[in-house]
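Next come the chains, spelled out residue by residue.
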Amino acid sequence: MAQASQAARRWNQRTLAPWLFLAPGLFMFGVYVLWPIIQSVTLSFYDWNGLYNQDGEFTGTFVGTANYSELMTDPAFETSLWNNLKWLVLYMLALPIGLFIAIFLNQTVTGIRLYKSLFFFPFVISQVVVGLIFAWFYAPNFGLFYLLTESITGKGTAILADPDLVTYGIIAAGLWPQIAYVMILYLTGLNNVAPDQIEAARLDGAKGWRMLWYVVLPQLRPATFIAVIVTVIGALRSFDLVSIMTSGGPFGSSRVLSYYMFEMALGEFGFRMGYGAAIAVVLFAIMMIFISGFIWKMWRDEKER
Amino acid sequence: MFPRPIQKSSTTAQWLYAVALPIALIVWLFPLLGVALTSLRPASDLAQGNYFGMPSGIAWENYVYIFTETPIGQYMINSLWVTIPTVIGAVSLSLMTGFALAVYGFRANILVFFMFVAGNFVPFQILMVPVRDMTLQLGMYDTWYGLALFHIAFQTGFCTLFMRNFIKALPYELIEAARVEGVSEWRIFWYIVLPLMRPAIAALSVLVFTFIWNDFFWATVLTQGVDSQPITAGLSSLNGQWIAQWHLVSAGSILAALPPVAMFFLMQKHFIAGLTLGAVK
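In the order they appear, the protein sequences are chains R and E.
The opening position of the first sequence corresponds to residue 1 in the working numbering, with each subsequent residue numbered one higher.
The opening position of the second sequence corresponds to residue 1 in the working numbering, with each subsequent residue numbered one higher.
These are calculated hints, taken from the structure and not from any lab test.
No false leads were mixed into what you were given.
Computed list of lysine-lysine pairs in DSS-like fashion (alpha-carbon distance at most 25 Å, straight line):
#1 R:LYS297 / E:LYS168
#2 E:LYS269 / R:LYS116
#3 E:LYS168 / R:LYS303
#4 R:LYS207 / E:LYS8
#5 R:LYS116 / E:LYS8
#6 E:LYS269 / E:LYS168
Build out the structure end to end from the sequences listed, making use of the hints.
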């Protein structure tokens, strides 16, 4: 009898315990992440200036899908969407460049550890600082980039003031830390490449590109996967650099969805919370495509175990 | 090893490599070096258009100026007030969630786990309006704790992923043996698992410190004034005031970059272990 009740208590403890351990984390995550997502989606069907009336009641009005139909014809939204696409595509350059630097640095000479750390530097620095550094680099009249283009073409390019080029200039700034991140992922990956397979391939006469493509890259697949994920997320989260370097300008030509949303909800265009939320929902939907891919892959790996 | 160790190549190749390394590094860090040098250049040099030539002297006064004439010191203290509680909060919460998800095989386990992982990748903008509104309603707008509470909640997602995988890799027999002995679940967590988590705690602490110190978006959304703005937001507003005074902008940038850089150098091993989680099987 005593034993049975003890066993029951045990069982209780073991079913209850995980939920007790989860409770504080789940509560915080629910309040600050899950619930706001639902609220944002709801809000995207409202017109709201962010205020409450004297009795503390919500002052928004339901407008159905009006915010979304407005998005369809909003040229600024179209520009942002195109720029996001440019970010996504060009950010992928971080993979080959990062891999190249990782291969370059994967040697055992004196001081190489310090070199690796210094190459990694840009990633540790805040994007605000990266933005300021590149703003200085691109500055008209005396910036190094300006002087460089002046010496090549005879006429300096003020890249951040040129509506056609500005986005590329900001993407280049963003690539700098991103390449560093990808590099460190690949360096770790290269460290774990099976040496016997490399030796065997070498005996078979494989070297250079063929070795890289057929022997090394397949073994780097986990690193490549993580690199793709963090690069996609980095590209879609590009807010800091746009805000610091151009504030979306000139003439709104360097806007991206994340920045445009902020402008609409909290910027000088007034507090259009509902419209901002609709932009956020579109961005969320784009991100969801990649998130579900990632989760699907993780789920498959979990089942294999 | 790939590529072939340079020691096995000809002496010329080795020599070339030894020369290429520092050159590549200088090219790579060129923008940063430029800013570091500018931060020590006297304002008079810049006024005369001497941007890249020999500086006429080393101007420590640029740093003295930003500390005495601008609130940059306050901004850095504000950053610490947000960053340190976030590190403690997110690491503690995720130790528990990670433990729960790694050790117990309840039905919703994988669902809860994926929810944490997915939440971690969500764009900030989808959270922005409700989180700002809630922070305002609770009277925590423009305070360090309003910002820190959000960061704790959001970082718990990433930290849970990390902790859960780390605990999963521990030998499960330890926990089973303790259960046979009749040790309670809480004591298993506290006396058996926790002492083994030191490397994971170290890795996450440095990572979260860097992430939060460098955060700009939430700092702009949830804080406003000198009393609570962290360094990233503060530097951005100072940049608006210092139009084209690049010696000051540079000095401010270097200062803002210093703490995470120092953290990285001191805790390099842990930092990289945290960042490359999952990059190898």
